[in-house]
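Participant: Top line first, the protein sequences correspond to chains A and B.
Numbering-wise (our numbering), the first sequence opens with residue 7 and increments by one.
Numbering-wise (our numbering), the second sequence opens with residue 331 and increments by one.
Among the hints, a few may not be true.
Unchecked claim - Below, simulated BS3-like cross-link-like pairs (lysine-lysine); rule was C-alpha separation at most 30 Å, straight line:
(1) A:Lys119 / B:Lys540
(2) B:Lys428 / B:Lys530
(3) A:Lys147 / B:Lys543
(4) A:Lys147 / B:Lys530
(5) A:Lys147 / B:Lys428
(6) A:Lys147 / B:Lys969
(7) A:Lys120 / B:Lys530
(8) B:Lys1027 / A:Lys119
(9) B:Lys428 / B:Lys600
(10) A:Lys147 / B:Lys929
(11) A:Lys119 / B:Lys969
(12) B:Lys969 / A:Lys120
Stated by the list, open to error - Covered by chain B, per the in silico footprint, the following chain A stretches (three or more residues, Cβ under 8 Å):
(13) 83-97
(14) 116-130
Simulated from the structure, these hints should not be mistaken for lab results.
Even glycine gets a Cβ: it sits at the ideal position worked out from N, Cα and C.
Here are the chains, one letter per residue:
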Amino acid sequence: MPRLKVNGRRVDYAGDPDMPLLWFLRDEQGLKGVKFGCGAAHCGACTVHVDGEAVRSCVTPMAAVEGADITTIEGLSDGGTLHPVQEAWLEEDVAQCGYCQAGQIMAVAAFLKKTPNPTDADIDDGLTNICRCGTYHRLRKAVHRAAALRGGRSS
Amino acid sequence: MNAPFVSTRRDILRYGAAGGALIIAAPLASCARQTKLEPDEPPPTLEWFEGKIGPFVVINADETVHIGSPNPEMGQGVDTSLPMLVAEELEVDFDKVKMVQMPLGIKMGDDGNMTWKHVPQGSGGSTSIPENWEVLRQAGALARGLLISAAAVRFGVPDSELTASNGVVRHAASGREATYGALAEAAASIAPPEEPPALKPREQFRIIGKPQKMKNARAIVTGRAIYGIDAELPNMLHAVMERCPYFDGTAISVDDSAARAVPGVVDVVKVRRPPLDGPYDVQAEGYAVVATSLWAAMKGRRALNIEWDHGPYADESSASFKRHCADLLSGTGQIVRNDGDFDAAFAGAAATYEATYWQPYVSHAPLEPQNALADVREDGITIIAPTQTPSSCNRMVAEALQRDRLDIEVLPTRLGGGFGRRLSNDYAVEAALISQAVKAPVKLLWTREDDLRHDFYRPAGMHHLKAAFDADGKLTGWTHRLASASKYYRRPNLPETDYWSAELYPDDFPGGLTPNYRMEYFSAKSGAPRGSWRAPAHTANAFVVQSFLNEIAHQRGEDPLGFRLRLLGDPREMRYEQHGGPVFNPGRLAACLRLAAEKGGYGEKLPQGRGRGIAGHFTFGGYCAQVVDVEVGEDGSLKTTRVVAAVDIGSVVNPNGVIAQLESGVNDGLSTALHLAIEIAGGRVTTGNFDSYPLMKIAEAPPVIETHIIDNGDAPSGMGEMGIPPLAPALAHAIFEATGKRIRTLPIADQLRVR
Chain A
7 MPRLKVNGRR VDYAGDPDMP LLWFLRDEQG LKGVKFGCGA AHCGACTVHV
57 DGEAVRSCVT PMAAVEGADI TTIEGLSDGG TLHPVQEAWL EEDVAQCGYC
107 QAGQIMAVAA FLKKTPNPTD ADIDDGLTNI CRCGTYHRLR KAVHRAAALR
157 GGRSS
Chain B
331 MNAPFVSTRR DILRYGAAGG ALIIAAPLAS CARQTKLEPD EPPPTLEWFE
381 GKIGPFVVIN ADETVHIGSP NPEMGQGVDT SLPMLVAEEL EVDFDKVKMV
431 QMPLGIKMGD DGNMTWKHVP QGSGGSTSIP ENWEVLRQAG ALARGLLISA
481 AAVRFGVPDS ELTASNGVVR HAASGREATY GALAEAAASI APPEEPPALK
531 PREQFRIIGK PQKMKNARAI VTGRAIYGID AELPNMLHAV MERCPYFDGT
581 AISVDDSAAR AVPGVVDVVK VRRPPLDGPY DVQAEGYAVV ATSLWAAMKG
631 RRALNIEWDH GPYADESSAS FKRHCADLLS GTGQIVRNDG DFDAAFAGAA
681 ATYEATYWQP YVSHAPLEPQ NALADVREDG ITIIAPTQTP SSCNRMVAEA
731 LQRDRLDIEV LPTRLGGGFG RRLSNDYAVE AALISQAVKA PVKLLWTRED
781 DLRHDFYRPA GMHHLKAAFD ADGKLTGWTH RLASASKYYR RPNLPETDYW
831 SAELYPDDFP GGLTPNYRME YFSAKSGAPR GSWRAPAHTA NAFVVQSFLN
881 EIAHQRGEDP LGFRLRLLGD PREMRYEQHG GPVFNPGRLA ACLRLAAEKG
931 GYGEKLPQGR GRGIAGHFTF GGYCAQVVDV EVGEDGSLKT TRVVAAVDIG
981 SVVNPNGVIA QLESGVNDGL STALHLAIEI AGGRVTTGNF DSYPLMKIAE
1031 APPVIETHII DNGDAPSGMG EMGIPPLAPA LAHAIFEATG KRIRTLPIAD
1081 QLRVR
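Let's have the full structure, built from the sequences with the hints guiding it.
Facilitator: Encoded structure:
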């Protein structure tokens, strides 16, 4: 029986190995913060961390995450303390409908680990999640603010 | 749209009169109460609010305040701005206010027709703020008055000796005071006054006009905000549905044996197609696979084997529809406004101008795909869905299932975007029909392909404009001829001769500003379903009218800004009979143009390859002008580097929200102008997912968007839509300034590419 870790907790999976991770997280683990937007890895609303990397869970079959360590938006913050990216999102008041924002935050959290002090060009190249409300203006400011809150750490 | 239910201040008072004893209304669906639409919040029932101190206010013992937000939140910020209206008069610290999305409240009116229980509850047409501007402040004032009266009884002093602020009622003479939390229960038993309390003058506002951040932001960034797609009921089944891809087509043969054999699949339910000669209730014939899990339903759907008839529009394609529009424009259409004699003015003009523009079908594509959770029982129906129009949802389900409207409970969730798509409730009707068939709660989920192929698209159309000037440079004639597939087709009781009214707004600029003015409409045939797309026809008409102005100014050797200002003239009130009226003041639009131009450095000389454009438009009562900067590379690559906007929506409730909506409008307008078109071939939509419908990503979004607000103290208009219309024409103007190329067809796509 494949095992994996979800937000620090060991879980087993005995179902269809072809089922996307997205539906396992939403429907079997009750982690509704992971969102369905396109089912084809275009929009990034379903972004989670698999072993620390941002992954689009809608096209990631369960067979590919055996033994993996998965973090969703629900597991991003450390107890009651928000992650710097979440904090920056509040300070810049980024969200409108908010549907894409959990995926955006997960993508940015992983992005800043690799690019702790991003330029605007880095952001343009490295962030490809879709926001249908068009919050990109504040989102860009929030990425810079989150980088400052993290103090330029690369992990 | 909903019937225009009328709600009055009197309704709110009458509501309060029902207070005193807690109303113990039997819940329609006790199970629905287990689904909390916001975490850590009270259950979303009207009864929870009722019997307290007005229909929107609950004061808790810990001095926090719950304010009900009557209109669905889809990103436009009403879950913050509407409670601000209540809180302003209630006199509470806005930080202690928690928002609760209210379920639909309707009742049988005295005249036997259904009416709103408290206030209208739809989100659309930029109406949430203007419709609630007085009535929600009134609700806050009423609640404050009841709290003061409760304190008056307790202290044994008249109401007039008491003041309320920051959630405390004080008696200055004696120094006594009581908190709202301590007074709330007593306040609920006091009969409301015959006449509502007076509202504060604007100078005393402490909350309205001050920037407030979005109330539910923390739930969003922690993944706890609940959307329709997240709602659950006990013993719920999952459904996905294969719909006929051909417009108005139907199945020739259906083999569902393999689908039924998929483990977890419990049924395959046919949903009949919509009536062909009336309004849509569902969008297409379809076969829903119902299963114990979503994944099983999806696998079952893949195993369906259906052969579809190609329907009556089998020959329609994007190209054929465009040719059809061009053919129509070669003839004579329906004259929908005719001032003076345009033909004579054109024939006798010193200078004439002419241009033709094209706009494609576009899709709403809210990021949360359509979904609905329906529980159809003998004792009632519960619908939990992301809907902009919960009342219309209630009515459509009632009609489709032949049930009493008062037996249907509608709980609108937070919407993962709306943009007008969720004015239609077809997905809720589908879910209800499926739930009725399988006799269990059913959660129906659409895929992205379902959404893009079964939308109610923004009408596509071809616009032909002509203008005439005399030797003094005066605009002597203007005509706007439009061939389009109107969004008003298939409306009940609406003849085709009225279809134009959704696509051309006769009082739009420059109507009334030239003596010879003619609007001509050609109703084009298309099988594609159409509907309201954020700022509906204003997106098309602003693009063509403002682009044409820029072309004329260039050909005449006039500055496009000065040209507009001289056409608009002095501030004055002109009749405007369409939505957003009754008045259009060209001076307010001119003021926005001047401010945007000044702040955006309009007219400065720019280096080669850069351009700066301008446009302005009046949308649903609001005025907006934008200055757009672009850089065009030698290879034709386009970068929108800055947008500077000026807006005038009268009084501003939440400046932060106004700026957010302007930014959203700019990016929505830009995304749509750059890339978006729905393609049709063989009588079906071939666009499938975000690879063929490439919504803009951050790399193309302008890094700088400035919003300048003119707050003139007038009654407010809404902000949700008016940020879009000026963007495309200002962008096209900027591109012309940078490259000399005119954009007359949208999207821009690869028109600038250098081969």
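Participant: Does lysine 147 (chain A) pair with lysine 530 (chain B) here, judged by a C-alpha cut-off of 30 Å?
Facilitator: At roughly 37 Å apart (the allowed maximum being 30 Å), lysine 530 (chain B) and lysine 147 (chain A) break the hint.
Participant: Taking 8 Å as the Cβ threshold, is the statement that the region 83-97 of chain A is covered by chain B upheld or broken by the three-residue rule?
Facilitator: Since three or more residues must qualify, the claim that chain B covers the region 83-97 of chain A holds, with 5 doing so at under 8 Å.
Participant: Compare the distance between the alpha carbons of lysine 119 (chain A) and lysine 540 (chain B) with 30 Å, and conclude whether the hinted pair is satisfied.
Facilitator: The hint is violated at about 36 Å.
Participant: Quick one, are lysine 969 (chain B) and lysine 120 (chain A) close enough, alpha carbons at most 30 Å?
Facilitator: 26 Å, holds
Participant: Lysine 119 (chain A) and lysine 969 (chain B): Cα distance at most 30 Å?
Facilitator: 28 Å, holds
Participant: Keeping to a limit of 30 Å between CA atoms, is the pair of lysine 147 (chain A) and lysine 969 (chain B) held or broken?
Facilitator: 19 Å, holds
Participant: Is lysine 120 (chain A) close enough to lysine 530 (chain B), meaning Cα to Cα at most 30 Å?
Facilitator: 53 Å, violated
Participant: Can the restraint linking lysine 1027 (chain B) and lysine 119 (chain A) be considered satisfied, given a maximum Cα separation of 30 Å?
Facilitator: Judged against 30 Å, a Cα distance of about 21 Å means the pair holds.
Participant: Taking 30 Å as the top limit, are the C-alpha atoms of lysine 147 (chain A) and lysine 543 (chain B) close enough?
Facilitator: Status holds; Cα separation ~16 Å.
Participant: Mind checking the alpha carbons of lysine 428 (chain B) and lysine 600 (chain B) for me, to see if they're no more than 30 Å apart?
Facilitator: Roughly 43 Å separates the two Cα atoms, so the pair is violated.
Participant: Is the straight-line distance between the alpha-carbon of lysine 147 (chain A) and that of lysine 929 (chain B) 30 Å or less?
Facilitator: Given pair lysine 147 (chain A), lysine 929 (chain B) holds - Cα atoms ~21 Å apart, limit 30 Å.
Participant: Under the criterion that the straight-line Cα-Cα distance not exceed 30 Å, is the pair lysine 428 (chain B), lysine 530 (chain B) satisfied?
Facilitator: It holds: about 23 Å lies between the C-alpha atoms, which stays within 30 Å.
Checked against the numbered hints above, the structure violates hints 1, 4, 7 and 9; every other hint is satisfied.
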